[in-house]
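Engineer: If you're matching them up, the sequences are chains A and B in order.
Under UniProt numbering, think of the first position of the first sequence as 1, with each following residue one higher.
Under UniProt numbering, think of the first position of the second sequence as 1, with each following residue one higher.
Since the hints were derived computationally from the structure, they do not count as laboratory data.
Take the hints with a grain of salt, since some may be wrong.
[Said to hold, decoys possible] Covered by chain B, according to a simulated footprint, are these stretches of chain A (three or more residues, beta-carbon under 8 Å):
(1) 634–643
(2) 727–735
[What the hints assert, rightly or not] Pairwise CB distance ranges, derived in the manner of DEER restraints:
(3) A:Leu324 / B:Ser29: 34 to 44 Å
(4) B:Ala4 / A:Leu454: 51 to 61 Å
(5) B:Leu69 / A:Gly690: 57 to 67 Å
(6) B:Ala118 / A:Arg733: 24 to 34 Å
(7) A:Val426 / B:Pro20: 45 to 55 Å
(8) A:Leu324 / B:Leu69: 45 to 55 Å
(9) A:Val768 / B:Ala77: 30 to 40 Å
(10) A:Arg816 / B:Gln188: 43 to 53 Å
(11) A:Leu324 / B:Ala77: 44 to 54 Å
(12) B:Gly132 / A:Arg407: 40 to 50 Å
(13) A:Ala323 / B:Ala4: 28 to 38 Å
[Stated by the list, open to error] Which residues of chain B face chain A? A few of them, derived with a C-beta cut under 8 Å, are:
(14) Leu108
(15) Ala113
(16) Ala134
(17) Arg220
Where a beta carbon is used, it is the ideal one built from N, C-alpha and C, also for glycine.
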Amino acid sequence: MSRGRRGSAGAAVRAGDVPGREAPRARRGRGGALGRVVRAGVARRKVQTLVMVLSTMMAVTATVLAGALLTASRAPFEHAFAQQNGAHLALQIDGSKASAAQVAATAHLPGVIASGGPYPQVTIDHGTGDAGQFGTMDLPPLTVVERPGPGGPLDDLALTSGRWATAPGEIVLSSDFFGPQPTLGMKLSFPDLSGGAVLTVVGAAKSVTGTADGWVVPGQIAALRPGAAAPAYQMLYRFAAAGTDAQVNADRAAVAARLPGAAVTGALSWLTAKLNAERGNAPFVPFIVAFGVLGLVMAVIIIGNVVSGAVGASLRRIGVLKALGFTPAQVVRAYIAQALIPSAFGIGFGVLFGNLLAVPLLRKTDLVIGTASLSVAAWVDIAAPVGVVALVALTAFAPALRAGRLRAVDAIAIGRSPTAGRGRTVRRLLGRAPLPRAFSLGLGAPFARPGRALAVAAAVVFGATAVTFALGLVSSFQQIQVGLSRDGASQVSVDFAGGRGGKSVMHVAPVGGAPAAPDPATVAAAIAAQPGTRSYYGVGSTQAAVSGLSGATTVRLLQGSAAAYSSPIISGSWFTGPDQAVVPTRFLQATGASVGSTITLTDNGVKVPVRIVGEVFYLREGGTDVITDLRTLSAVDPSAHVGNYEVKLKPGTDPAQYVRSLNKVLHPVGADAQDNALDRHDSTLPILDGLIAILTAMLATVAGLAVLNAAVLETRERVHDLGVYKSVGMTPRQTITLVLGSVVLIGLIGGAVGVPAGVAVHRYVLPVMAHAAATNVPQSYLAVYGHTEMVLLGLGGPAIAILGALLPASWAARTRTATALRTE
Amino acid sequence: MDDAALIELHQVTKTYQDGPSAVDEVSFSVRRGEAVAILGPSGSGKSTLLNLVAGLDRPTRGTVTVDGLRVDGLSEAGAAKYRRARIGMVFQFFNLLDDLTVLDNVLLPAQLAGLPRALSRTRAHQLLETLGIAEHAHAYPGRLSGGERQRAAVARALINRPALLLADEPTGALDTASGREVRDLLTQLNQDGQTVLLVTHDLALAQSCATRTVRIVDGRIASDTAAVVPEGAAR
Ligand SMILES: Nc1ncnc2c1ncn2[C@@H]1O[C@H](COP(=O)(O)OP(=O)(O)O)[C@@H](O)[C@H]1O
Ligand SMILES: [Mg+2]
Numbered sequence: 001m002s003r004g005r006r007g008s009a010g011a012a013v014r015a016g017d018v019p020g021r022e023a024p025r026a027r028r029g030r031g032g033a034l035g036r037v038v039r040a041g042v043a044r045r046k047v048q049t050l051v052m053v054l055s056t057m058m059a060v061t062a063t064v065l066a067g068a069l070l071t072a073s074r075a076p077f078e079h080a081f082a083q084q085n086g087a088h089l090a091l092q093i094d095g096s097k098a099s100a101a102q103v104a105a106t107a108h109l110p111g112v113i114a115s116g117g118p119y120p121q122v123t124i125d126h127g128t129g130d131a132g133q134f135g136t137m138d139l140p141p142l143t144v145v146e147r148p149g150p151g152g153p154l155d156d157l158a159l160t161s162g163r164w165a166t167a168p169g170e171i172v173l174s175s176d177f178f179g180p181q182p183t184l185g186m187k188l189s190f191p192d193l194s195g196g197a198v199l200t201v202v203g204a205a206k207s208v209t210g211t212a213d214g215w216v217v218p219g220q221i222a223a224l225r226p227g228a229a230a231p232a233y234q235m236l237y238r239f240a241a242a243g244t245d246a247q248v249n250a251d252r253a254a255v256a257a258r259l260p261g262a263a264v265t266g267a268l269s270w271l272t273a274k275l276n277a278e279r280g281n282a283p284f285v286p287f288i289v290a291f292g293v294l295g296l297v298m299a300v301i302i303i304g305n306v307v308s309g310a311v312g313a314s315l316r317r318i319g320v321l322k323a324l325g326f327t328p329a330q331v332v333r334a335y336i337a338q339a340l341i342p343s344a345f346g347i348g349f350g351v352l353f354g355n356l357l358a359v360p361l362l363r364k365t366d367l368v369i370g371t372a373s374l375s376v377a378a379w380v381d382i383a384a385p386v387g388v389v390a391l392v393a394l395t396a397f398a399p400a401l402r403a404g405r406l407r408a409v410d411a412i413a414i415g416r417s418p419t420a421g422r423g424r425t426v427r428r429l430l431g432r433a434p435l436p437r438a439f440s441l442g443l444g445a446p447f448a449r450p451g452r453a454l455a456v457a458a459a460v461v462f463g464a465t466a467v468t469f470a471l472g473l474v475s476s477f478q479q480i481q482v483g484l485s486r487d488g489a490s491q492v493s494v495d496f497a498g499g500r501g502g503k504s505v506m507h508v509a510p511v512g513g514a515p516a517a518p519d520p521a522t523v524a525a526a527i528a529a530q531p532g533t534r535s536y537y538g539v540g541s542t543q544a545a546v547s548g549l550s551g552a553t554t555v556r557l558l559q560g561s562a563a564a565y566s567s568p569i570i571s572g573s574w575f576t577g578p579d580q581a582v583v584p585t586r587f588l589q590a591t592g593a594s595v596g597s598t599i600t601l602t603d604n605g606v607k608v609p610v611r612i613v614g615e616v617f618y619l620r621e622g623g624t625d626v627i628t629d630l631r632t633l634s635a636v637d638p639s640a641h642v643g644n645y646e647v648k649l650k651p652g653t654d655p656a657q658y659v660r661s662l663n664k665v666l667h668p669v670g671a672d673a674q675d676n677a678l679d680r681h682d683s684t685l686p687i688l689d690g691l692i693a694i695l696t697a698m699l700a701t702v703a704g705l706a707v708l709n710a711a712v713l714e715t716r717e718r719v720h721d722l723g724v725y726k727s728v729g730m731t732p733r734q735t736i737t738l739v740l741g742s743v744v745l746i747g748l749i750g751g752a753v754g755v756p757a758g759v760a761v762h763r764y765v766l767p768v769m770a771h772a773a774a775t776n777v778p779q780s781y782l783a784v785y786g787h788t789e790m791v792l793l794g795l796g797g798p799a800i801a802i803l804g805a806l807l808p809a810s811w812a813a814r815t816r817t818a819t820a821l822r823t824e
Numbered sequence: 001m002d003d004a005a006l007i008e009l010h011q012v013t014k015t016y017q018d019g020p021s022a023v024d025e026v027s028f029s030v031r032r033g034e035a036v037a038i039l040g041p042s043g044s045g046k047s048t049l050l051n052l053v054a055g056l057d058r059p060t061r062g063t064v065t066v067d068g069l070r071v072d073g074l075s076e077a078g079a080a081k082y083r084r085a086r087i088g089m090v091f092q093f094f095n096l097l098d099d100l101t102v103l104d105n106v107l108l109p110a111q112l113a114g115l116p117r118a119l120s121r122t123r124a125h126q127l128l129e130t131l132g133i134a135e136h137a138h139a140y141p142g143r144l145s146g147g148e149r150q151r152a153a154v155a156r157a158l159i160n161r162p163a164l165l166l167a168d169e170p171t172g173a174l175d176t177a178s179g180r181e182v183r184d185l186l187t188q189l190n191q192d193g194q195t196v197l198l199v200t201h202d203l204a205l206a207q208s209c210a211t212r213t214v215r216i217v218d219g220r221i222a223s224d225t226a227a228v229v230p231e232g233a234a235r
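Could you put the whole structure together from the sequences, leaning on the hints where they help?
Structural biologist: Put into structure tokens, the structure is as follows:
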């Protein structure tokens, strides 16, 4: 038997296994003794305990977040839909083609299980809202429906502020329209209407599927109908089968077939509302789940590692406990308890952090869905900790069982005798390598304990995977943000007052009334003349019916070759002339069309065939816009004209400067230039980025802690060898080199495996996230890893490993040699 | 004091936390070429004294000078370099590294000191040859007998040609026959000019090897006498 190993066993005894100290206590009472053994075990291994606390904390945090978002993104819509008796389909019907009685009769069609209406409906253009001191607001077209009250057989309206309309002249606005709290008392005026109707906002309400922008008392619509316009009705339906787009389309077709031709002028499927509601958070889910899974797997590896390390380091102690009369079951329980106690703290913190982190995300959900609560679902807060406790217990069970099964004599003997050092040949060859000896000694160390080394390498692999995946996500998100921002390709937007190119514009009404809408040609000339302009294109929009798609579809009209690729291409190519179009993924899904197929746009009663030449990354509105050349519709639709210009600047031009100088020319003609950089603040992506940063930091930290734990075990077990090294002249620096060298290979493997794994996870998860938002992603958004980045990320593995081993390395360097050798 | 003094201890005291002094006001010197045996009962402070000379521990008070170098004030790194360059140590329980072959054990101090590989290999093989364990060069220490292990330890101690060889109970864990082998080896080394400071219980070892004997009791020097070596008795 070798003395070296006896020295190590002695070290383990000194670490707190003094049998004499344990013996009198252990005899006192079995339950009490078990408790004391557990407490002593937890207290003695501070590093391991810390590692367990942190790894379980991370696992629970990630799980709680994943669960919270999963429920928040799915359940609330369905919940609200059920609670508010949502309508599967809302149809807009031309009253000049179908009578109210004909419309009402559709309620008895087979397949219709509930209905509401018909309710008179009107869409009013060119309104303005006067909010007193806050100025005047141009209103977008407003769809107003008569409702006797907030309830109804279908589509109950949930009041979010104010009160219901009780008299003519009052209107309740949709909370989606101006946010949950419109200015109550605001006066909406409609100069186009005969008699210049004025409505007062008395409340805001929420329709779960967004059936209208506002509601008025019965009898009011007649006064809001412009001139001789035909009456229109809204009819709400629930169907026996309405789970898919195809089913809803079939239901719509069945209703339309019962009505005179072309009576149905618009339709709103609940699936569109559902998608819009879920789109806020659904994309979060796949990546949070990915992080959650990574976190759980790492927690399992680490807990297994820590517990088996603890068993290995205290075999002698186990032998002594058994000699004192502990049963195998008690030993198993003691070791499982030693794992569970720190885990309980970790789980507590994890639940806390998970809930804290989830709140900002859920707040966003709340805005979207309206009825969701701001807290994590209770079952998540229960299921996540219970699940992780079970996981910890299971993970600890195997090494604990090994400890329980050991015979007392064997345990004491194993604690003393050397385990046949493994990997000696490799280590001998490393000794021949032209490397500093301390380093080659360290490099060989993992081969002596391949099992532990592999477990730590796995933790580092997961850490490197997480970091790689996270950095990829962040840079993809950056590209997506640019792609989604108002014309990513342009730096400056020029809007005309009264134009409808972009969004509704709020502005303080100029004294003396608004100037007339300017001539686009005048604006274009001013832009062209402005120094710094590289190129520009016009943007307009109109509504048209699309074959295969219910209701009116927004057609985005672009003018000028500079418009090419203003939305990133996913497949196919950009259009090269009129009668070609590009469409978002959601359009292809909803219509069943594909790149290469021809669709028919019906505008002003004229059918225009248009060939789809490309699929683009475009998520505005419902994501079903058609993007085409202005000339496609300009001949048939007088409203198809340019409403704003997007300008690309020459390199080196300062956008702020450019905008200031251009506005000197534009303001007098009633147009306004804006720096697009100011427009790029989506609130979702910063939250995502922050979340990714937190989760990644946690995973990387835990990977480092796994290394720390292993290095601590290693230096404890090797304290005698370290003493011998020092007695023959190993300097502190060489000792540090040795300990760090012992984790370098693990780190390199971690980087070499983890980085490609992270790239693969990114390639898999990003499209899944995008699908949750009903889009595909351009290939370029996936290709975010360059060679340099890959190499740098690969070095992250050794970096994590070295950071983890730094502390034990300096402990090893500081141990007094005489003390280490005295374990003789 | 002697110009040829290799070791110079001046009023050296070593006290561990609130215990009595393990070494108490010890002063003595060892000249080059001497072989000094430190004798004394267990717990009298012999190993502590040796550790102070080896720079493995620091005295609470007093100075330790070896080969002109103040050892008591050295940093950890300085002490390591000092051990590496000027002393070799042999322990009762060998302290060989089980996971390295005999040859690699012997080479270790040279490698840590960064000596040229070819040179240190040649010297290692010579030493193993001289000490009669050349055939075990590629064996692991676990396979060797006690005497062979201690000879491997001596080879490791000598690889860097230290000015001073320190030995703490080198025969303490050996049977009589192996003990005799090691005793003869140390005696031979001293006769070849190696300065040796050894701690032992083993009177035969002291008699055969030592040119001088220092007795320690309770951390203090009780006597310091020229060893009486019966002519030819050891050989
Ligand atoms: N690292 C230490 N910590 C505390 N006490 C020590 C330490 N080393 C030695 N001692 C004490 O110092 C005294 C001398 O020990 P030592 O030098 O090992 O004696 P010897 O080698 O003569 O048997 C003993 O009482 C021992 O308990
Ligand atoms: Mg001793």
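Engineer: None of the hints should be skipped; say for each whether it holds.
Structural biologist: How the hints compare with the structure:
1. 634–643: violated (count 0)
2. 727–735: holds (count 8)
3. A:Leu324 / B:Ser29: 34 to 44 Å: Violated - the Cβ-Cβ distance for Leu324 of chain A and Ser29 of chain B, about 53 Å, lies outside 34 to 44 Å.
4. B:Ala4 / A:Leu454: 51 to 61 Å: holds (58 Å)
5. B:Leu69 / A:Gly690: 57 to 67 Å: For Gly690 of chain A against Leu69 of chain B, whose Cβ atoms are near 58 Å apart, the range 57 to 67 Å holds.
6. B:Ala118 / A:Arg733: 24 to 34 Å: holds (25 Å)
7. A:Val426 / B:Pro20: 45 to 55 Å: Because 49 Å falls inside the window, the suggested range holds.
8. A:Leu324 / B:Leu69: 45 to 55 Å: Given a distance of about 52 Å, which is inside 45 to 55 Å, the answer is holds.
9. A:Val768 / B:Ala77: 30 to 40 Å: With Cβ atoms ~55 Å apart, the hint is violated.
10. A:Arg816 / B:Gln188: 43 to 53 Å: violated (34 Å)
11. A:Leu324 / B:Ala77: 44 to 54 Å: The hinted range 44 to 54 Å holds for Leu324 of chain A and Ala77 of chain B, with Cβ atoms some 45 Å apart.
12. B:Gly132 / A:Arg407: 40 to 50 Å: holds (42 Å)
13. A:Ala323 / B:Ala4: 28 to 38 Å: violated (58 Å)
14. Leu108: holds (6 Å)
15. Ala113: With a minimum Cβ separation of about 6 Å from chain A (threshold 8 Å), the hint on Ala113 of chain B holds.
16. Ala134: violated (18 Å)
17. Arg220: Check failed: Cβ of Arg220 of chain B comes no nearer than 20 Å to chain A, outside 8 Å.
The structure is inconsistent with the numbered hints 1, 3, 9, 10, 13, 16 and 17, although it conforms to all the rest.
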